[in-house]
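Residue numbers (this note's numbering), protein chains in the order written: chain A, 13 to 348; chain B, 3 to 766.
These aren't lab readings, by the way, just hints derived from the structure by calculation.
A quick note: this is a predicted structure, and the numbers were derived from the prediction, not measured.
It cannot be assumed that every hint is accurate.
As the list claims (entries may be wrong) - Straight-line alpha carbon distances no greater than 30 angstroms define the calculated DSSO-like cross-link-like pairs of lysine-lysine that follow:
# : chain 1 : residue 1 : chain 2 : residue 2
1 : A       : 54        : B       : 22
2 : B       : 263       : B       : 220
3 : A       : 305       : B       : 759
4 : A       : 67        : A       : 54
Stated by the list, open to error - Negatives, chain A to chain B, calculated, CB over 12 angstroms:
#  : residue
5  : 41
6  : 62
7  : 67
8  : 141
9  : 144
10 : 197
11 : 203
Said to hold, decoys possible - Stretch by stretch, here's where chain A covers chain B in the computed footprint (C-beta under 8 angstroms, at least three residues):
#  : stretch
12 : 618-630
13 : 688-701
14 : 740-751
All residues carry an ideal CB built from backbone N, CA and C; glycine is no exception.
Take a look at the letters that make up each chain.
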Amino acid sequence: MQLPPMDYLAPADLSEALAAKARLGDEAVWLAGGTDLLPRAKQGIAAARTVISLKHLAPELSGVRVQDGRITIGALTTLKAAGEHPELSRRLPGLRDALASIGAETLQQSVGTVGGNLCADTRCLYLNQSPAWRAGLAPCFKLGGEVCHPGGASADRCRSVCQSDGAVMLMALQAEAQVASPQGQRTVALDELYTGKGETPLALQADELLTGVSLELGDDPLGTAYHKLALRGALDYPLLSAAAALWLRDGVVSRVRVALGAVYAAPLVLIDAVAPLVGQEPTPERLAQAARKAGGHAEPFLVDNVGADLQWRKDMVRVVVARALEQAVQRAKGGA
Amino acid sequence: MSKQEWLIGTRMPRVDSEPKVRGEVQFTADIKLPRMLHAKVLRSPYPHARIKSIDTTAAAALPGVKAIMTGQDTAGVKWGVFRYTRDQQLLPVDRVRYVGEEVAAVAAVSPEIAAQALELIEVKYEPLPAVSDIWESMADGAPQLHDDHPNNINVHVAIEVGDVEEGFAKAHLVREDVFTAPEDSYFMTEPYAVVANPRPDGSLELWMPNAAPHQKAKALSNALVMPLNKVIVRKVAIGGAFGGRSDVFPAEFITAFLALKTRRPVKLVYTREENSVATRQGHALFTTIKTGVDAEGRVLARDITCYMDGGAYSSTGPIATSVPFLCMEQTYRLPAVRYNGYRVYTNKPIGGMIRIHGRAFAGGVDLQLDMMAQELGLDPLQVRLRNARQPGDTTPTGSYVQSCALSQCIQQAAEAAGWADKYGKLPPYHGIGLGTNSVQTGFPLGIRGGSQAMIKFNEDGGATVMSGVVDNGQGNDNMLVQIAAEVLGLDPGHIQLISADTEATANDPGAYSMIATFAGGNAVLAAAEDARRQIFEVAAEALEAHVDDLVAQDSKVFVAGAPDKGLPVGKVIRMALIQGRPVIGTGSFTPKVDHRREWLSNPAGQLSETFSFGASVAEVRVDPETGMVELLGLWLAQDCGRALNPMVVEGQFEGGAAMGGVGGMLREEHRWSDTPRCLNPTFLEYKVPLACDMPPIENIIVESMDPTGPFGAKEAGMSIAMSAAQAIIGAVSNAIGAPVYDYPLTPDRVLRAIRAKQDGEKQS
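Input sequences plus hints: build the corresponding full structure.
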């Protein structure tokens, strides 16, 4: 498959990049590592006349900083660089694992970026195909049409799925995204960044660029874990994944967040299912109870569009949540 | 073998490895010729439709477009492997039968312009009702895909040998089970591609990844109505076949037609998606197996009914419907057997031969034996040994088995895996399983059944070997060179190989049906022996020695035991030239098969001159909560007759285990939309295993020294692709304590089996 002809810009710095994007608006797309964009461009679903390469911005927007109880990751930090950062790896092994599970060592890990993973478009078995494959199918919601092919006749909106690994873990960590535009910087919680709408999964304006992501580590001992189900040891998007972030104070859960990936158009944060854990000792029974509840709460959200049996994925919510929680507890207690 | 070989049996690096590692080898898509055009194919978006009209006016007007072809240009010329299966128009005239079928093609000055032109071709279709599964397709009143095949039954293979009902009546235990699997795919590293070059002398050169150049040439000669010697299929590096390159496809016809029409070279390169959808796929299977055994687990009778989803056209249908059965009738002794194989048309891509040959067939036979062994309180290993084929046997359909070390394969694989310490003794959800299999070395292929070879010499003593054998990546080029070098006593580097070129090389069956070493290797062996005899005759006079006392080694000819007094081969060649008796070795080999045997009308008689046998053991751990399978180890044993090059054989074992076992049995399946469109035609969604998914492997080469194979060699690797898959089924079922009937063993299927067992336990 060939890339369609596209104009190419490579601005020298952030302000030049933002000015170019402001000028071109929706007709331009950002190019970081390209491991999500270029396959979509070949499939004719990237809808961009111009790509704006961020390669010259790497010095400005790369790197992991730990300061005053916050970790900040530049958007252009490669997956490998972020995952192997000693401080990040030590403090957030769940994030390390999530980032290491993306793509493969041979390509995505080296050129794919944290920001790119957070902004990766939602995926669909009927849309992420060649134009020839889609020939004869009516344009779907995501392409401005009136149908959703995986959703069938009853679907009234796009049923594409967010399969970003990084987003799920960072959502569990209640991270915030830093967003720049010619008007300046703003901060947006990841909870707000993901719209849950397959048609427009990211709440970013046409002139905005995600420049980084940061999160509070908190004062209490923190345990993080990411559990991903996939059929292969590398390369695969999750069929389902769970991320847990859990803080312990004196052996009692002081705060906990769990997010699920590959459920629907955004990472799904499970609030009610894990709320009863706060103020309690995280006993195996209580974790299992939370995981069971998570299964029930997530079930109606699960979209059947990732190439795995839907009933199995429904059944697996409990399992991945339980495993992520158990490992997060262990890590919060100082275990590996 | 009485004589000790010096090169055969050594781990000689393959002659083609280094240039491949350097990236210097040219595959078809790399070929660039002056004035070359680029072709693209327009495909049907409908699973079943009538083509009402095709308007190519706008496309033809696009600057850079040099030719357009539709079914109207080709008079609906048809292809079929057999005279009675000629059901596919190479470019359909008025009807399409699957999403992705060829409808029109364009040749233009660039691939981009060709692609643009496709968008300008206006096809008016009248959609017809389509069928997407075999049951729907066989139902009365279903849309009919082909006029002369009621209920869409394309092929029916019916075999019955011995008294099956009497066998069941006498049996101590009878079981009937159903096994299923959806379509699988080859995923050759190289997507399909063709280059065609019309030459001033009226001939047409072609390059494409193929498994039988002479067969491709013959089919094209028929379709293009050109003499066979004017259709020249050239040698090119090939990135994998696995059964999926032996058939003839519209792609080569289209490329040839466009080249002839424009009088310019034309290249057509398939996308990965086109390779998956528009070449061949493995059949989906639904197999019912009924087996009766005596109290010791000896099989008395077996009755198998298999329904295969063949897709839109016949392809190799009669063969593909037979081979799963034939492999298993070879593997185990069967006093009485009935087989009914039905290949059913559906509006899906075309089913072809695939290296795995029906995971829901062989897997079912072995799993059922495990289940019966368990019911009888027997060790499945002993049951395998009691039923294992033995040398000197005759298969139910009448093939004499001249060499067979199946029992040794079973024993050695089991011993290496520690079967005795593990079977029945592993903790819960940890299991071990055994699979056994046998494959052919060739089928009755009529006039194309034999291979011929020639060897000529240069005055410096170097030789050129000519053979029709094609190398798909499995090491056939090396096999030919290694055999010739062994016999001629030449360094492999002093042998130049011309192969798989229909202009230069003589007839050959091709590198499918596992015959390349057996037929092609034997032909080169005969040619080399012929050449060596001629060399010895000249040398004997000069050395005043007897021909029988001479040996050829290190590029010299000498009396055995006196290498110092030898003559360089180059000198002998020059003497021969002066004397007017130049050395040209020729040789041929035609396997002894029963040419009266026919897939449908007469499935009886010698199928193949010899057969290879193998056994694999797998050990797994299953996650009882997710159903995910962790493969802890594979022990792969095969009787390949003789390992000409153990390194190549091991590569075949490991590749077979990756394809059939780690991929084919644990991950790989095609998924379909309702339409039906193939939802996973690419490497991302079709789960070919990665290097990191491979378990530890122990290769066990078993050598039965076949009496007529070249240096005793038969076939290597394909039976592993099958037996590894069977072993994994056994291991997973052993681990969870319940049979799994549906494949591949993805976690959802395994978990369903675990739940079914738990539900059963609750009820009882």
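Are the Cα atoms of residue 305(A) and residue 759(B) separated by 30 angstroms or less?
holds (25 angstroms)
Please check whether the stretch 618-630 of chain B has three or more residues whose CB lies within less than 8 angstroms of a CB on chain A.
With 4 residues close enough to chain A, the hint holds.
Need the status of pair residue 67(A), residue 54(A): alpha-carbon distance at most 30 angstroms?
The hint holds at about 21 angstroms.
Beyond 12 angstroms from every chain B Cβ: check whether that's true for residue 144(A).
Contrary to the label, residue 144(A) does not stay out of reach of chain B, its closest Cβ about 6 angstroms off (not over 12 angstroms).
Check on residue 141(A) being off the interface with chain B, judged by Cβ distance over 12 angstroms
Contrary to the label, residue 141(A) does not stay out of reach of chain B, its closest Cβ about 7 angstroms off (not over 12 angstroms).
Sort out whether residue 22(B) lies within 30 angstroms of residue 54(A), counting only the CA atoms.
The hint holds at about 28 angstroms.
Reported absence of residue 41(A) from the contact zone with chain B (all CB gaps over 12 angstroms)
Residue 41(A) is indeed farther than 12 angstroms from all Cβ atoms of chain B, at 21 angstroms.
Looking at residue 197(A) again, its CB stays over 12 angstroms from all of chain B?
holds (35 angstroms)
Tell me whether the statement that chain A covers the stretch 740-751 of chain B is true, taking a Cβ distance below 8 angstroms and needing three residues at minimum.
holds (count 3)
Is the Cβ of residue 67(A) farther than 12 angstroms from every Cβ of chain B?
holds (25 angstroms)
Beyond 12 angstroms from every chain B Cβ: check whether that's true for residue 203(A).
Residue 203(A) is indeed farther than 12 angstroms from all Cβ atoms of chain B, at 28 angstroms.
Pair hint outcome, residue 263(B) versus residue 220(B) [Cα-Cα no greater than 30 angstroms]:
Distance of about 20 angstroms is within 30 angstroms: holds.
Of the numbered hints stated above, those contradicted by the structure are hints 8, 9, listed in ascending order.
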